[in-house]
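Residue numbers (the working numbering), protein chains in the order written: chain A, 1 to 206; chain B, 1 to 104.
Some hints could be false.
[Stated by the list, open to error] With a straight-line Cα cutoff of 30 angstroms, these simulated BS3-like cross-link-like pairs (lysine-lysine) come out: (1) A:Lys57 / B:Lys65; (2) A:Lys24 / B:Lys65; (3) B:Lys13 / B:Lys65.
[Stated by the list, open to error] Beta-carbon label-pair distances, calculated as ranges: (4) A:Lys57 / B:Met86: 47 to 53 angstroms; (5) B:Arg68 / A:Pro133: 50 to 56 angstroms; (6) A:Pro138 / B:Arg68: 46 to 52 angstroms.
Read the hints as simulated data drawn from the structure, not as lab findings. Quick caveat: nothing in here was measured; it's all calculated off a predicted structure. Heads up, the beta-carbon is just placed ideally off N, CA and C, and yes, glycines get one too.
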Amino acid sequence: MSEAATAQAGTLTEGSPYGIPSRKLAIWLFIIADAATFGAILFAYGYLRLANPDWTKPFAFSPTIVNGIVMTVVLLTSSLTMVAALAAAQSGRTSTGIRWLGVTMLLGTVFATLHLREWFAMIAAGWRLFRNPMGGSPLFGATFFGITGLHLLHVVCGVIVIGVIALGFRRGRFGAGHVETTALYWHFVDLVWMFVFPLVYLMNVR
Amino acid sequence: MTAIAPRRHPTMKLYVVVWIGLILIVGLEVLLTYERLPAGTLLACLLALALVEAALAVMYFMHLKYERPALFWSLIPYLLFALVLMDHFWPDALRLMRQRLHGP
């Protein structure tokens, strides 16, 4: 189509200055904004921790840290399966791509299950948003459940979105570009955990 | 209309190497935690390792290394600037800690 004809149709467009589709730029902007959100709550956690000399360090190696290590390995592995899904989708191997997306969803579900199991164990031990059964600062529960809860919400949303994208990809409604956008989000969820695990778990070891 | 040219991506072998590197860093973080380092030293070590992990994930898994440099320079410095601005709260946290330590 000539430039004049394009202009006549009212759809004159320029190439992206970043060389990426607009949906990919949009997810990058979302990721940066969400990173600032997680950054803010992690800074708030650091502030409260520093300002409270009676901060509780409740986590023992087993089960909490062992559970945390397993969760971390599961989430890191899900990032690897996600790049395998993307590579398959971009090379036109639809069924392989869907299979890897399924594995990623499964690993995300395992992560969420392990996380909820840990939460329920803590709640059974008397931990609440503003109650500390160990007698230290009651803010520990608020920061722990707040930070890990926001991350868990991202994981659950990610698993649902991957399922929707996989379904649409199988039906030919979505393409490799949609898988790539979802993969960027999923890697970001993984990236956030790389800060949550050392700062919220390892820094609170007994 | 300018078409968006597909950009090259790393190989699966490189992804696996990055994944192994990330797992090793997590192992190192756990080992350092049980070395009983002073809290400030441990925090600095864990943050440095987490930043290395994040850089690996962003550059390789999220392909930022393979995008145009303009994308990197349009996103990352602004995020870092926002995070650096949050550092202004630390003196107040330290003041509160000292007040509680020396209080009645």
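To see whether the hints hold, each was checked on the structure:
For the hint linking Lys57 (chain A) to Lys65 (chain B), the alpha-carbon distance of about 39 angstroms lies beyond 30 angstroms, and the restraint is violated. About 15 angstroms separates the Cα atoms of Lys24 (chain A) and Lys65 (chain B), which keeps this hinted pair within 30 angstroms; it holds. Taking the CA atoms of Lys13 (chain B) and Lys65 (chain B), the gap is about 16 angstroms. The hint holds against a cut of 30 angstroms. Checked against the hint of 47 to 53 angstroms, the pair Lys57 (chain A) and Met86 (chain B) fails, with Cβ atoms roughly 24 angstroms apart.
About 53 angstroms separates the C-beta atoms of Arg68 (chain B) and Pro133 (chain A), a value consistent with the hinted range of 50 to 56 angstroms. Evaluation of the 46 to 52 angstroms hint for Pro138 (chain A) and Arg68 (chain B) yields a pass: the beta carbon distance comes to about 49 angstroms.
Hint violations for this structure: numbers 1 and 4, all remaining hints satisfied.
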